[in-house]
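Asks: These protein sequence lines map, in sequence, to chains A and B. Per my numbering, the first sequence runs over residues 1 to 355. Per my numbering, the second sequence runs over residues 1 to 94.
These aren't lab readings, by the way, just hints derived from the structure by calculation. Here the structure is a predicted model, which means the values were calculated and not measured. Hints are supplied without guarantee of correctness; some may be wrong.
Mimicking DSS-like on lysine-lysine, the simulated pairs with C-alpha atoms at most 30 Å apart in a straight line are [stated by the list, open to error]: (1) B:K30 / A:K227; (2) A:K207 / B:K79; (3) A:K164 / A:K109; (4) A:K355 / A:K136.
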Amino acid sequence: MVVERFRRAQEQKKGGEYEQSPEAVPPSLAEILKDPKLSELLNLALEKDNKQKLIEKLLKREAFSENELEELNNYRILLKEAIDKSQEVLSLLTPETIKIIVGSSNKFKKLVGTLGIENTKKLLEVYLSRLYIVGKDRFDSLAEKIQQIKEAERQLSNIDEQLKEACRRYGISEPELGRLYERIAKGEVKEDEITNLVKRRLNILQKIWDFLQGGTYSQKRVDELNKITEVQTHLNTIYDNLKEVGEMIANVIYTTNGGIDILNKALWDEFKPLGQGLSFKEAFYSPEELEEEWSEFLQEQKVTNWEQLEEERKNELKSGFKSRMRNKLGNKFGNKFGGVLDALINMVAGWADSK
Amino acid sequence: MENIYEEFFKILAEGSEEDVRNFLIENFDKFPEDVKKDIVGIFFEEAVDLAYATLKFKERLLETVIELEKIKRALEDRKRELELKKELGIEPEE
Numbered sequence: 001m002v003v004e005r006f007r008r009a010q011e012q013k014k015g016g017e018y019e020q021s022p023e024a025v026p027p028s029l030a031e032i033l034k035d036p037k038l039s040e041l042l043n044l045a046l047e048k049d050n051k052q053k054l055i056e057k058l059l060k061r062e063a064f065s066e067n068e069l070e071e072l073n074n075y076r077i078l079l080k081e082a083i084d085k086s087q088e089v090l091s092l093l094t095p096e097t098i099k100i101i102v103g104s105s106n107k108f109k110k111l112v113g114t115l116g117i118e119n120t121k122k123l124l125e126v127y128l129s130r131l132y133i134v135g136k137d138r139f140d141s142l143a144e145k146i147q148q149i150k151e152a153e154r155q156l157s158n159i160d161e162q163l164k165e166a167c168r169r170y171g172i173s174e175p176e177l178g179r180l181y182e183r184i185a186k187g188e189v190k191e192d193e194i195t196n197l198v199k200r201r202l203n204i205l206q207k208i209w210d211f212l213q214g215g216t217y218s219q220k221r222v223d224e225l226n227k228i229t230e231v232q233t234h235l236n237t238i239y240d241n242l243k244e245v246g247e248m249i250a251n252v253i254y255t256t257n258g259g260i261d262i263l264n265k266a267l268w269d270e271f272k273p274l275g276q277g278l279s280f281k282e283a284f285y286s287p288e289e290l291e292e293e294w295s296e297f298l299q300e301q302k303v304t305n306w307e308q309l310e311e312e313r314k315n316e317l318k319s320g321f322k323s324r325m326r327n328k329l330g331n332k333f334g335n336k337f338g339g340v341l342d343a344l345i346n347m348v349a350g351w352a353d354s355k
Numbered sequence: 001m002e003n004i005y006e007e008f009f010k011i012l013a014e015g016s017e018e019d020v021r022n023f024l025i026e027n028f029d030k031f032p033e034d035v036k037k038d039i040v041g042i043f044f045e046e047a048v049d050l051a052y053a054t055l056k057f058k059e060r061l062l063e064t065v066i067e068l069e070k071i072k073r074a075l076e077d078r079k080r081e082l083e084l085k086k087e088l089g090i091e092p093e094e
């Protein structure tokens, strides 16, 4: 309560910043500490900034200095931001936007199928607010992409229609990928062929794109062509290019469910998304390394017989191990917090809890 | 019997990225809420990236088609113009 009284006094002092009333800018520190989700979020923010002393004081409910209270107040504001921004992102996830996102990944589709949309959103709410705290750049990039997908909702079906029309114009109805999927099903070809085909097509498209960007076919230059045969040669190149682009379109528009992951992954490689976190293999940790870390930690904590420790001490040590691993992995992987790194840290925590 | 975390670290050490991801999906229900939200978050981020990449790609495809068709029309017009000039004997071809 001391904390809360101090917070209110501070906020009243600030006046301009909190003109309405302290309750108008929830959550208060007291509310944060009462709510397990919020206090976990606060803990995460403190762990990320390596504020061990504050974490310990909060755990033991010890008194804070004025500076510490000011610091905690800043964290409180950060938490409010994280919650508000996560809500903003969630509000973008209308059924139409979710449909586009879910339709882009069979794995995510499987998860949503298991959980249902509402439960998925509940888990995402926690995930997003955590991502805001530990990886703001990633959060911002994700929010921006969702915003663009949402804005393109109507435009997308229009684009699809225009692309289909282009396919019809070039007489392309059956995509190569579709034929390959059938051959894969019969065991005649391997999946790699699809990836290779998509990559080959993307290379061709890139060349066509670069060629168009080069401005070879400005009206002025076309007008300078003075021989019919010369014009025909150029036209043949354009027809070939259109056919190539048409095949690529057919592969994007008419792709099968089974092939969507392969196709999208190839596109993903091509468009290299910004702000990506770690891959699991980058964040490699073997069971032996983990055991080694754990033994080292217990040694440092002068624990000789784990089994004989009281439950409370065990929990304290597990929590300490989690913080240590968060710092260690955080230092090792720089700013790639969130996503895989957080999952890994939670896996480490789960592994320690099973001790 | 190994616990789910030991199994995870074993796959992480021995399997491919795809193996790890498939393991998480297949064993999703065995994990606590804390890990579940990370799994959902990871695959959500990935799905957003894929949807975004597809969107950008479709935009580029459409832009390419529009540009190529513009050039095609310009070249076809030029060809017709040269053919007409040839027919009329205004500017003999070759």
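Asks: Hint by hint, note whether the structure agrees.
Replies: A quick look at each hint next to the structure:
1. B:K30 / A:K227: violated (72 Å)
2. A:K207 / B:K79: Given that 30 Å is the threshold and the Cα spacing comes to 25 Å, the pair holds.
3. A:K164 / A:K109: Since the Cα atoms of A:K164 and A:K109 sit roughly 25 Å apart, the hinted pair holds (cutoff 30 Å).
4. A:K355 / A:K136: Status violated; Cα separation ~33 Å.
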